[in-house]
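Asks: Hints given; two lone chains; assemble the complex.
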Amino acid sequence: MTLTETRASATRVLRFDRVQRGAHWANATLFGLLMFTAIPLYFGTFFGIVMQRHLMAQIHLWSGLALPIPVIVSLLGPWGRQMRRDVRRINYWTRREVEWMRTLGKSPLETDKFNPGQKLNAIFIAAVIILMLATGAVLQWFRLFPVPWRVGATFVHDVFAYAIFAVVIGHVIVALTHPESLRSMFSGWVSEKWAATHAPSWLKEETLTKE
Amino acid sequence: MALPTSEVKSTEPVKRTAIGRRTILGLSALGALGVAFGSSVQSFLGSAFGSGLGGLLPGGDRFRIYSITGTFPKVKDSDYRLKVSGLVERPKTFTLADLKAMPVTSFKKPFQCVTGWRVPNVEWEGVLLSDILATVGVKQGAVALTFESYDRADTESLTIDQAHLPDVIVAYQMLGAPVTTEHGGPVRLYVAQMFGYKSLKWLSAIRVVNTVQPGFWERNGYPVNGWLDGSTGPTNPTPSLD
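Protein chains in written order, with my numbering: chain B, 1 to 211; chain V, 1 to 242.
The set of hints was computed from the structure by calculation and includes no laboratory data.
Just so you know, these numbers come straight off a predicted model, no measurement behind them.
It cannot be assumed that every hint is accurate.
[As the list claims (entries may be wrong)] Distance condition first, Cα-Cα at most 25 Å in a straight line; then the derived BS3-like pairs of lysine-lysine:
hint, chain 1, residue 1, chain 2, residue 2
1, B, Lys193, B, Lys204
2, B, Lys193, B, Lys106
3, V, Lys76, V, Lys100
4, B, Lys204, V, Lys15
5, B, Lys106, V, Lys15
6, V, Lys92, V, Lys76
[Claimed, not checked] The calculated label-pair distances, taken between Cβ atoms and stated as ranges, are:
hint, chain 1, residue 1, chain 2, residue 2, range
7, B, Gly77, V, Ser28, 49 to 57 Å
8, V, Thr71, B, Gln140, 23 to 31 Å
9, B, Gly77, V, Ala177, 57 to 65 Å
10, V, Ala153, B, Val167, 35 to 43 Å
11, B, Leu144, V, Pro214, 18 to 26 Å
Glycine included, every Cβ here is placed at the ideal spot set by N, Cα and C.
Okay, chain V solo, but in the shape it has when bound (with noise of 0.2 Å):
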């Protein structure tokens, strides 16, 4: 009759169980599947429950809320103003309703964040970047453009090519209403095939410049060219999400 391993004592022989062991090796094995199915869990997940429920479900569909200054700024939709200038033939100041009396574009994509977060399925209602760059006119020499956004905090850019990709929109209506303070609204930027980063908020003004400036956060590190894929280049520029 041998003791159990355990420094207990005991009046009879007990057969022990490393429970604790287990339950952690196989709870950690439980993580390991999640972070390599998860992606797939949660696509299932947003296309089962829908948007509204995901939202409330863990890991479901929910914005991260970022702001590089800590605060919105808040810009009535009558004071709301688009300035474009730089290297165009017709230097133009949009209002909302100058935006809204464009063709409109509207369709469901993705927003990926680069650190992870997906929010699949977002409407998205807006004018294509397109139709501006072509109100406006690029002169020769134009190679890329910048964005800013209101408070002046944050910066963006495209490449000329980029920005007439017939995705990447200037959005006033998202998840089926105005855009809000703080998804970026009244205004801002989606870039679908790219990270969240790239869709800045509060988009105030567009300059179409000669030379690539990177923005805020590529300065902070991202790549220039947030492709979802994680190419390079726009040679590729099909996402491999979704």
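So that you can see chain B by itself, here it is in the shape it has in the complex (with noise of 0.2 Å):
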């Protein structure tokens, strides 16, 4: 039995294609390398942890050089149709979009492929990689410099770096809990119960295109 990815079979539909699924594991994996060596960079006065602090330090520099790159592979190149498609999802908002973000869920929306919150976490996600990369340049390379800026780059990195673990243990909680969304992000499926449920104006849209 061959299963080709067609976009969708009788009772599936595919949300994530291999190009995406790679980008966001390769992304998962570069966030989670570097918030893990982050704990004893940052926190090494409370737990007095420096014994390896010079290999932290270098797998978080390495990590973060390379944290553009799924994002930017799977952008471009012949392969990335999905991801870009998604990427002019994620940005264009309906009216009804931001009244439902803004009211937290609680006014009418036939949900696109991505609800506001999902769409909201990949735009968090998009704007830190250009503003952690921005303000480490400026710690690692500090020299080129002046040192008020050094001060100001530690502050915005220290600040968003908050930011960052809340919003991705947020993330991966909503994962843990929400199984199908989960698994479509190994296999790439979604069952149509799931999508006519949480994304249904996306299902339509998808069953017009395989007419």
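Replies: Below, the structure is given as structure tokens:
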């Protein structure tokens, strides 16, 4: 039995193609490494951990420099069609979506492929990749920058690090409590029933495409 | 009735806003402002909440603990010795009790790392380096001092003039308590007007010499004169920060 990744089958719909899954897990691995190494680098005073500080710092540096690679590689090139399409979905919001976010999910909305909360998560991650890279570069190559900038970059890097921990932990909790969504980040597929509940507007569009 | 620019087909014409782009640009602008003014925000937070609570805030007062070797030399208070030798009249080895018996100097001054992090209003207490030099008597022809850490991994240097500044101390108290092992205890150097790397930890030996011998960090590219304001000479020893 050969199973090619057709966009929609009778009972299931392709949510994430191979490129997107690869980009997600590569990005997740880098974030994991960065966050893991950030703890001893940042809280060394409290835990008295310094044994591997140099190694931790090197892992942190190289993971940070690699951070844009999964996003860029998955977006550019002929394999990135679905990725680019989803980026447009995440970027453009209808008035109803804005309203839904403002009322924290209380206003009616026929959800697109991603609900506004999921969109916001993706936008936040994109923004912090830029911010952490830029401020991280000031910290790494500090000699090129005046001292007040170094202090400011440290401040911004720290503040956003706290925000990243909050958002990523939240993201993981939501993923673990939504097994079918989580499974689709491994297999790519969701059931039509899932799509009808969580992304009705997207399901209609996919069904249209299929016909 | 124009269809939206997005490929998504819809039964009703929908106006769409590029929230993603706006958010990313907005956060980037916020980040740029933070880099430009974070220094002042942090000073404000530090003075508003004090050193204790500031340590819990993001970007607040927090020492990043560095050690060149990856370990801390652990020295018991009773075993501690500071050997002062070289171009001196009366070479002497000080115990911790000897240092504590000397006139006490204390002040609140920031610790500023060359890489950017900074802890304001740190309480320091110890002996003026100039008092130690007076005790041993600096000989004619002395130009500089070299400092050595307990594990011999780190070295530092100061000129004789720099060593006589009134805020250069051999510290045994820090943050209101004896200097802890990770902060370089039981005894460390503190050079208030220079970047943190000049404030050698786990101080074990001072030698008075006839030439400036660049220390560990200077051999790794940091300025020998680590003035906080980035100047190269002692002509303007008042730090621009704080």
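Asks: Indicate, hint by hint, whether the structure satisfies it.
Replies: The hints, checked one at a time:
1. The hinted pair formed by Lys193/B and Lys204/B meets the criterion: a straight-line CA distance of about 12 Å does not exceed 25 Å.
2. A distance of roughly 22 Å separates the Cα atoms of Lys193/B and Lys106/B; the hinted pair therefore holds under the 25 Å criterion.
3. Restraint check: the Cα-Cα separation between Lys76/V and Lys100/V comes to about 15 Å, which is no more than 25 Å; the hinted pair holds.
4. About 19 Å separates the Cα atoms of Lys204/B and Lys15/V, which keeps this hinted pair within 25 Å; it holds.
5. Between the alpha carbons of Lys106/B and Lys15/V the distance comes to roughly 21 Å, so the proposed pair stays at or under 25 Å and holds.
6. Of the supplied pair hints, the one linking Lys92/V and Lys76/V holds, its CA atoms being roughly 20 Å apart against a limit of 25 Å.
7. Judged by the Cβ atoms, the range 49 to 57 Å given for Gly77/B and Ser28/V is violated: they are separated by roughly 25 Å.
8. For Thr71/V paired with Gln140/B, a C-beta distance near 24 Å keeps the hint of 23 to 31 Å intact.
9. In this structure the supplied range 57 to 65 Å holds for Gly77/B paired with Ala177/V, their Cβ-Cβ distance being about 58 Å.
10. Hint check: Ala153/V to Val167/B, Cβ distance near 40 Å, so the stated range 35 to 43 Å holds.
11. Distance hint check: the CB atoms of Leu144/B and Pro214/V are about 22 Å apart, consistent with the given range 18 to 26 Å.
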